[in-house]
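A.B. asks: Okay, here's what each chain looks like letter by letter:
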Amino acid sequence: MAALFLRRIVQAALILLGVAAITFLMLYALPADPAVLLAGRNATPQTVANIRHQLGLDQPLAVQFWHYLVDLVQGDLGRSFNQKTAVAPLIAARLPATLTLMAAGIAIEVVIGLTLGVVAALRRDGFVDRAVMTMSFVGVSTPQFLVALLLLYVFAATLGWFPMSGYGTAAHLVLPAFTLGILGAGWYARVVRSAMIDVLGQDYVRTANAKGLSAPRVVLRHALPNALLPVIAMIGIDIGQFMGGTVVVEAVYGWPGIGQLAWQAIQQVDIPIIMGVTLVSALAIVLGNLFADLVAPLIDPRIRTA
Amino acid sequence: MLKTFLRSTALAVAVAFAPAALVTGAGTMPAFAQSQGGDIVVTYKDDIATLDPAIGYDWQNWSIIKSLYSRLMDYTPGTPDLVPSLAESFTVAPDGLTYTFKLRKGVKFSNGREVVAGDVKYSIERAVDPKTQGPGGGFFGAIVGYDDLVGGTATGLAGIETPDADTVVFKLSRPDATFLHVLAINFASVVPKEAVEAAAGDFGKKPVGSGTFVLKEWVIGQKLVFARNPDYFEKGVPHIDGFTIEIGQEPLVALLRLQRGEVDIAGDGVPPAKFLEMSKSPEFEGMIVDGQQLHTGYVTLNTRIKPLDDVKVRQALNMAINKERIVRIVNGRATPANQPLPPLMPGYDKSYEGYAYDVGKAKALLAEAGYPDGFPTVLYSTNTDPQPRIAQAIQQDLAAVGVKAEIKALAQSNVIAAGGTEGEAPMIWSGGMAWIADFPDPSNFYGPILGCAGAVQGGWNWSWYCNEDLQKQAVAADSLSDPAKKAEREALWGKIFIDIMKDAPWIPIFNERRVVAKSKRMGGADNIYVDPTRVINYDAIFVKP
Numbered sequence: 001m002a003a004l005f006l007r008r009i010v011q012a013a014l015i016l017l018g019v020a021a022i023t024f025l026m027l028y029a030l031p032a033d034p035a036v037l038l039a040g041r042n043a044t045p046q047t048v049a050n051i052r053h054q055l056g057l058d059q060p061l062a063v064q065f066w067h068y069l070v071d072l073v074q075g076d077l078g079r080s081f082n083q084k085t086a087v088a089p090l091i092a093a094r095l096p097a098t099l100t101l102m103a104a105g106i107a108i109e110v111v112i113g114l115t116l117g118v119v120a121a122l123r124r125d126g127f128v129d130r131a132v133m134t135m136s137f138v139g140v141s142t143p144q145f146l147v148a149l150l151l152l153y154v155f156a157a158t159l160g161w162f163p164m165s166g167y168g169t170a171a172h173l174v175l176p177a178f179t180l181g182i183l184g185a186g187w188y189a190r191v192v193r194s195a196m197i198d199v200l201g202q203d204y205v206r207t208a209n210a211k212g213l214s215a216p217r218v219v220l221r222h223a224l225p226n227a228l229l230p231v232i233a234m235i236g237i238d239i240g241q242f243m244g245g246t247v248v249v250e251a252v253y254g255w256p257g258i259g260q261l262a263w264q265a266i267q268q269v270d271i272p273i274i275m276g277v278t279l280v281s282a283l284a285i286v287l288g289n290l291f292a293d294l295v296a297p298l299i300d301p302r303i304r305t306a
Numbered sequence: 001m002l003k004t005f006l007r008s009t010a011l012a013v014a015v016a017f018a019p020a021a022l023v024t025g026a027g028t029m030p031a032f033a034q035s036q037g038g039d040i041v042v043t044y045k046d047d048i049a050t051l052d053p054a055i056g057y058d059w060q061n062w063s064i065i066k067s068l069y070s071r072l073m074d075y076t077p078g079t080p081d082l083v084p085s086l087a088e089s090f091t092v093a094p095d096g097l098t099y100t101f102k103l104r105k106g107v108k109f110s111n112g113r114e115v116v117a118g119d120v121k122y123s124i125e126r127a128v129d130p131k132t133q134g135p136g137g138g139f140f141g142a143i144v145g146y147d148d149l150v151g152g153t154a155t156g157l158a159g160i161e162t163p164d165a166d167t168v169v170f171k172l173s174r175p176d177a178t179f180l181h182v183l184a185i186n187f188a189s190v191v192p193k194e195a196v197e198a199a200a201g202d203f204g205k206k207p208v209g210s211g212t213f214v215l216k217e218w219v220i221g222q223k224l225v226f227a228r229n230p231d232y233f234e235k236g237v238p239h240i241d242g243f244t245i246e247i248g249q250e251p252l253v254a255l256l257r258l259q260r261g262e263v264d265i266a267g268d269g270v271p272p273a274k275f276l277e278m279s280k281s282p283e284f285e286g287m288i289v290d291g292q293q294l295h296t297g298y299v300t301l302n303t304r305i306k307p308l309d310d311v312k313v314r315q316a317l318n319m320a321i322n323k324e325r326i327v328r329i330v331n332g333r334a335t336p337a338n339q340p341l342p343p344l345m346p347g348y349d350k351s352y353e354g355y356a357y358d359v360g361k362a363k364a365l366l367a368e369a370g371y372p373d374g375f376p377t378v379l380y381s382t383n384t385d386p387q388p389r390i391a392q393a394i395q396q397d398l399a400a401v402g403v404k405a406e407i408k409a410l411a412q413s414n415v416i417a418a419g420g421t422e423g424e425a426p427m428i429w430s431g432g433m434a435w436i437a438d439f440p441d442p443s444n445f446y447g448p449i450l451g452c453a454g455a456v457q458g459g460w461n462w463s464w465y466c467n468e469d470l471q472k473q474a475v476a477a478d479s480l481s482d483p484a485k486k487a488e489r490e491a492l493w494g495k496i497f498i499d500i501m502k503d504a505p506w507i508p509i510f511n512e513r514r515v516v517a518k519s520k521r522m523g524g525a526d527n528i529y530v531d532p533t534r535v536i537n538y539d540a541i542f543v544k545p
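Sequences listed follow chains A and B, in order. According to the UniProt record's numbering, the first sequence is numbered sequentially starting from 1. According to the UniProt record's numbering, the second sequence is numbered sequentially starting from 1.
Among these hints, one or two may not hold up.
Stated by the list, open to error - If you want the footprint, here are the derived chain A segments under chain B, 3+ residues with CB under 8 Å:
#1 50-57
#2 92-99
#3 112-123
#4 134-143
Simulated from the structure, these hints should not be mistaken for laboratory data. Glycine included, C-beta positions come from ideal geometry on N, C-alpha and C.
Assemble the whole structure, with the sequences as input and the hints as a guide.
C.D. replies: This is the structure we're talking about:
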């Protein structure tokens, strides 16, 4: 266990270094010059040169990258070109919103996905199964912005049950979390269904049934835990995804997460913020996978011995 | 000498105060009296980048910074007319090289300290100092000692003197008729040194000024809360008690919330797709402000790339574009343009007819230039709607006269980079990049975008147009700094722009209007919601009783 943990930490560090290097190189391969954008059109070439010098953009790429890494190791993500303020607090200020939305979104997709998946597996090939699978297919293929706008229009604008936009109360969280949850639930339902069908066909389930155990007990106690493994892996993936990839949902609901920050920074070629958000998202993906690796043995003893 | 001095002084003060008298006249509108009080909510999609006046330079923070700080000069709300603000009075020496300002007495920063002449000097030096990394230093290039401060051989500007606590004297190295405007732009905002130093590099998030409002709270990524400055030196200004800016609000969602009365001003305006629906719906009556701004959208014709180096070709292309049709693409939110200056700008020539849309004439002129069958070329455009659609319309119009333009729709920064590289971009549609003028003076439309100084690597003169003769006239016009010669100077500038059109380095396309949506309880004329120098004028807007 400790060895696994250590190996993962080393891997994570290498992955982050790789992500940092690739992002850095790609951003500098852009023909866009942040100094020109910042200086505006009344700036003399001298002003632009000054700004470029102040930002350190006139140094060789390798030197710039080295400086960035040295700062990074000390926990310094640099200063935003556009906002002229440190990047770390900007990201930190948005982390609670992102984490809240991530947790709520995952909770909803797991609850809905598990329930539907189990029900579909138990009623295999029946009407319920087909209905659930069609719904999950629609959910998986519907674009986020469409669901987000629909929910917003119906439940906020028309019915007025929830606030339309913003952050702070539980009511604000409901619609964005459900947007993520409904769409993600489709994946979970499909995965749980096939895992359950697989497990329900196993000999020990037949034995449990033959012993005369009640159906709920067989399903919940014997079958479901064995079908949960892929779900844990998916949660691990979602942790990483939702940390950096909920830009659309955040934009529609005015949710102050880091996706929103990233989107603005990209438009302004604010390299330090883009770098910072990319690294935080990469870190989340690494941690999400680590989480899956660590939790899986707790649920399935077979992995522990292996 | 003294006599001339006195005369110019008297004139300056007269010019300065005439519009001030007008404010009070125009300000009290008979229909609804300005009432005091009320807290309003304003929404934006993007973060407020900074509230540091030496750094902030986008249309969002521009209007907020205007209200947080005060400057020696300002504008009558809703107009391009200069008035003294933090200054009580000023004089301009006859040679245009010395400006003397008397400060208002008893003006206080929101930290309680009185504003003195040294603060003005400090603030402008800070804006120019390369260490500040501000984009506005170049505006102060005429002040004596500018080169030394920028070059690092001095720590201050020798040309700003403060003989006593109430007097600021500016010495210029060359006459600059726009200097009073320069003292009214955000970069000239007066800040207290101790607060800048206490903020330790984060003044943009911890602003202290002497303007109409004070920042009360800033929740990063969520909202900014402003409250009125009870000590503001002009009595009865501002009218609202405070405003809250909510960040991260999608424009369409902001409009829905506006309809429900949760929002008072949708700062990002009305998306083009929604504009027609809203302007026709009775539900939105009185909620849409459609105002002119100091904006011209144009196509640059690169005078250093064949065959656009031929003036006949450029004139022919000017006749080939159906501007009315392009205006329809933006749902009529613009007016066709025929010259570089927008109609609100002093110096705009109403009588000029420009190059009328005439496909036959355009073809004939192209044939005369030796291109009866047209030629292939490239048209750059930014890639956000509606710019590519406008570029397509231009492409079709060009095709009608035989010119086959390939469209390159790129991210804004890439288009800017291509425009500033010699020999790179034959034609650029400026949409999404031709922003509002910094101050309402015609010279602002010349120097960087049509003057010789802008035709350099990384510059904004994407036509790479440089007419030495007109350049001399421009310098001459900007030397007329006597406020009494304002009309003469504006006439000179007007002529320069019409002469530029003879060389046809641009195809002026349209002057875009700005559309802002506001709740029904918000009062005041349209031109304080789309103020030519501020966008939203928080000092002037009010809540109806």
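A.B. asks: Confirm or reject each hint.
C.D. replies: Comparing the hints with the structure gives:
1. Taking a C-beta to C-beta cut-off of 8 Å, the segment 50-57 of chain A contributes 5 residues in contact with chain B, enough for the three needed, and the coverage statement holds.
2. Only residues whose C-beta sits within less than 8 Å of a C-beta in chain B count toward coverage, and the segment 92-99 of chain A has 3 of them, enough to reach three; the restraint holds.
3. Only when three residues or more bring their CB closer than 8 Å to a CB of chain B does the claim for the segment 112-123 of chain A stand; here the count is 0, and the claim is violated.
4. Check result for the segment 134-143 of chain A against chain B: violated, 0 residues qualifying (beta carbon to beta carbon below 8 Å, three or more required).
When held up to the earlier numbered hints, the structure conflicts with 3 and 4 and fits the remainder.
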